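*Asks:* Sequence:
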Amino acid sequence: MEGCTTVSISPANFSWLAYTQLLDSALPIGGFSHSFGLETLVQDGRIERPEQLKHYIEAMLFHSWGPVDALAVKAVYLLAPEERWPELWHVDRLQHVQRAAAETREGVAKMGRRLYQLARAIYPELAWEPLAGAMQSQRCIGTHPLIHGWISRQLGTPLTTAAEGYLYTCTMTCINSGLRLMSLGQTDGQRLLAALLPAISAAWQAAAHLDPLEDGYGSTPQAEIAMMRHEGLYSRLFMS
Numbered sequence: 001m002e003g004c005t006t007v008s009i010s011p012a013n014f015s016w017l018a019y020t021q022l023l024d025s026a027l028p029i030g031g032f033s034h035s036f037g038l039e040t041l042v043q044d045g046r047i048e049r050p051e052q053l054k055h056y057i058e059a060m061l062f063h064s065w066g067p068v069d070a071l072a073v074k075a076v077y078l079l080a081p082e083e084r085w086p087e088l089w090h091v092d093r094l095q096h097v098q099r100a101a102a103e104t105r106e107g108v109a110k111m112g113r114r115l116y117q118l119a120r121a122i123y124p125e126l127a128w129e130p131l132a133g134a135m136q137s138q139r140c141i142g143t144h145p146l147i148h149g150w151i152s153r154q155l156g157t158p159l160t161t162a163a164e165g166y167l168y169t170c171t172m173t174c175i176n177s178g179l180r181l182m183s184l185g186q187t188d189g190q191r192l193l194a195a196l197l198p199a200i201s202a203a204w205q206a207a208a209h210l211d212p213l214e215d216g217y218g219s220t221p222q223a224e225i226a227m228m229r230h231e232g233l234y235s236r237l238f239m240s
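Going by UniProt numbering, the residue at position 188 of the sequence shown is 188; the numbering climbs one at a time, nothing skipped.
Please keep in mind that the hints were generated in silico from the structure rather than gathered at the bench. Check before you lean on any hint, since a few could be wrong.
[Claimed, not checked] Using C-beta positions, here's what the derived DEER-type ranges look like: (1) R93 to T160: 17 to 27 Å; (2) S235 to Q136: 17 to 27 Å; (3) S201 to R49: 17 to 27 Å; (4) Q52 to E129: 44 to 54 Å; (5) A132 to R180: 18 to 28 Å.
Treat the numbers as computed from the prediction; the structure is a model and nothing was measured. All residues carry an ideal CB built from backbone N, CA and C; glycine is no exception.
Model the full structure from these sequences, guided by the hints.
*Replies:* In structure tokens:
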């Protein structure tokens, strides 16, 4: 069209923009359907105010999402270049069974599968083997953090950005759940997210040195119990 200028996008810029799409809270992978135990804690009256939600998210960042989930992202960057596929699938399965609550375990797996299907539709040109074969043969569950790591690496995203980005999505999902469960406005939610950005970076830095094959651990017993109790709630907005 006359008057339009054609702009060439460098691979680095394209990768950054493409990766940002993965962080969109509106990404249709089912995150809006899960509170991962937060609904139980709100109904119990244990989380009622923004500062309580902030403390809860910080605990999850440092004691669950960082030292467990983010290590699956790291595992892709560590093991895929050397084609150590059995070890990578082992990390995925190990993390899957560590999630004690059935709803949470299945929720993280479903989100991973939906992200995988979405990304294959958007980026068919990316290398999807041997991940596709491993998922089809059930050697790999394809949980959300591992799929996030796989796509991020394919897009040329640095590990730190990918790991912190995954933790950002966990944080944003939790805040969005809080918006629906609590007396929390949109501005309050954005203020809370901004306040948690340093914690996201710090949580990854605290976990970055850990070995995904040996050191992945979680230590959030109260949250795990809330996740397990969720399926017995009388009324529920969320699937987990």
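*Asks:* For each hint, tell me whether it holds in the structure or not.
*Replies:* A quick look at each hint next to the structure:
1. Range check, R93 to T160: Cβ separation about 25 Å, and the 17 to 27 Å hint holds.
2. Separation of S235 from Q136 is about 38 Å and departs from the stated range, judged on CB atoms against 17 to 27 Å.
3. At about 24 Å, the beta-carbon gap between S201 and R49 stays in the expected band of 17 to 27 Å.
4. Range check, Q52 to E129: Cβ separation about 45 Å, and the 44 to 54 Å hint holds.
5. A hinted range of 18 to 28 Å for the beta carbons of A132 and R180 is inconsistent with their spacing of about 35 Å.
Violated hints, listed in ascending order, are 2, 5; each of the other numbered hints is respected by the structure.
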